[in-house]
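Colleague: What follows is each chain in one-letter form.
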Amino acid sequence: MGKKSLENVTADLSALAAAMPTQRLAAPPPMAAPQSAQPELKVVRPAKKPAVEPLTQFSFSLRKSLRKELTRLASDADMTMQAFILNALKAKGLAVTDEDLLDRRKGWKPKAETDAG
Amino acid sequence: MSIITIATSKGGAGKTTLARLLVGLLSQCGYKVAAVDTDLNHTLTDWVNTLSKYPVTVEHELDETKLVPLVSKLHDGHDVVVIDTTGAASQATIFAIGCADLVLVPVQTSSADIVEAIKTMNLIESAGLMMKRGVPARVVLNAHQPNTNLSAHVEKELEKAKLPVMNTRLQRLVAWQEMSFTGIVPTTALAGVQGRNFIEEIEGLGGIPENKKLAS
Numbered sequence: 000m001g002k003k004s005l006e007n008v009t010a011d012l013s014a015l016a017a018a019m020p021t022q023r024l025a026a027p028p029p030m031a032a033p034q035s036a037q038p039e040l041k042v043v044r045p046a047k048k049p050a051v052e053p054l055t056q057f058s059f060s061l062r063k064s065l066r067k068e069l070t071r072l073a074s075d076a077d078m079t080m081q082a083f084i085l086n087a088l089k090a091k092g093l094a095v096t097d098e099d100l101l102d103r104r105k106g107w108k109p110k111a112e113t114d115a116g
Numbered sequence: 000m001s002i003i004t005i006a007t008s009k010g011g012a013g014k015t016t017l018a019r020l021l022v023g024l025l026s027q028c029g030y031k032v033a034a035v036d037t038d039l040n041h042t043l044t045d046w047v048n049t050l051s052k053y054p055v056t057v058e059h060e061l062d063e064t065k066l067v068p069l070v071s072k073l074h075d076g077h078d079v080v081v082i083d084t085t086g087a088a089s090q091a092t093i094f095a096i097g098c099a100d101l102v103l104v105p106v107q108t109s110s111a112d113i114v115e116a117i118k119t120m121n122l123i124e125s126a127g128l129m130m131k132r133g134v135p136a137r138v139v140l141n142a143h144q145p146n147t148n149l150s151a152h153v154e155k156e157l158e159k160a161k162l163p164v165m166n167t168r169l170q171r172l173v174a175w176q177e178m179s180f181t182g183i184v185p186t187t188a189l190a191g192v193q194g195r196n197f198i199e200e201i202e203g204l205g206g207i208p209e210n211k212k213l214a215s
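Top line first, the protein sequences correspond to chains A and B. Quick note on numbering that gives the first Met the number 0: the first sequence kicks off at 0 and runs consecutively. Quick note on numbering that gives the first Met the number 0: the second sequence kicks off at 0 and runs consecutively.
Warning: the hint list may mix true and false statements.
When the alpha-carbon atoms are kept at most 30 Å apart in a straight line, the in silico BS3-like pairs for lysine-lysine are as follows [said to hold, decoys possible]:
| id | chain 1 | residue 1 | chain 2 | residue 2 |
| --- | --- | --- | --- | --- |
| 1 | B | 155 | A | 63 |
| 2 | B | 155 | B | 118 |
| 3 | B | 159 | A | 67 |
| 4 | B | 118 | A | 67 |
| 5 | A | 91 | B | 118 |
| 6 | A | 63 | B | 159 |
| 7 | A | 91 | A | 63 |
| 8 | B | 155 | A | 67 |
| 9 | B | 161 | A | 67 |
| 10 | B | 72 | B | 131 |
| 11 | B | 72 | B | 52 |
| 12 | B | 65 | A | 91 |
| 13 | B | 52 | B | 31 |
| 14 | A | 67 | A | 91 |
| 15 | B | 159 | B | 118 |
| 16 | A | 89 | B | 65 |
| 17 | A | 63 | B | 118 |
| 18 | B | 118 | A | 89 |
| 19 | B | 65 | B | 118 |
Note that these hints are calculated values from the structure, not bench results. In this text the structure is predicted, and so the values were computed from the model without any measurement.
Throw the hints in and build the complete structure from the sequences for me.
Modeller: Shown next, in the form of structure tokens:
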């Protein structure tokens, strides 16, 4: 097996890939402008605490077998059902934050790190 | 210089376990191995960097636009590049399939594993058609439980779906799970035999450079 060219992989598969969700993280913020050698002193003010958005309840009906499969898929992915669904919607463009994926159930304790492939 | 991609859209099927087994055994056998981890959980990257003692280059890359150039770069300096993908069909998975000389699709003994393996095999076939070259792919029976109705049923379903299955079955063994804590790939007892058979079969499938094949 000789040296393989991967040149055309992206071009050949871009149409197929376009139908799939991306894993790409949001672009990093632009770099700050370089500081002068003698930076002027500035008063540092504590940042304003962002207002906490209230939570709201959301429910929907689905077939029993779907619900069962959803439970199993979420369990296999080691996620709550809520996190599993939100994570899937995130791939479709919903603005889901890491905090949204936290387990909010009462008395829940994080379990030891699992290692599913 | 070959590229092996491990993919299935089912989470928890054993992709990272297979990746560990491959990079560990191939590295132990003297191959120059690189691993690319496109999984959000970066489990393989953590394993290589913190636990394993194998001289493996590992890169964690989620950005599909950077994946092919990265694999191409690693391909130049290594005998084998192993790509571990995330547990869902994604753009990175498509490009990882496109780079591969061989795609391995792990399947455990559950209905969802088979369903997702069929979807993944269809995806591989589509990628092959678009690139106008076949992408060899094999199902790997993982966490196999021999002599059970369950495993027999899984094999029957895979046969019905006409999916090509590797002869080597990786049984449900404690040794595979121990790898995640010890950083060492088992080479003795049943796990050792299965690991060896696994590598030899991959050699036969062209997943490992011919001029570097191991002496049996």
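Colleague: Tell me the numbers of any earlier hints that the structure contravenes, in ascending order.
Modeller: none
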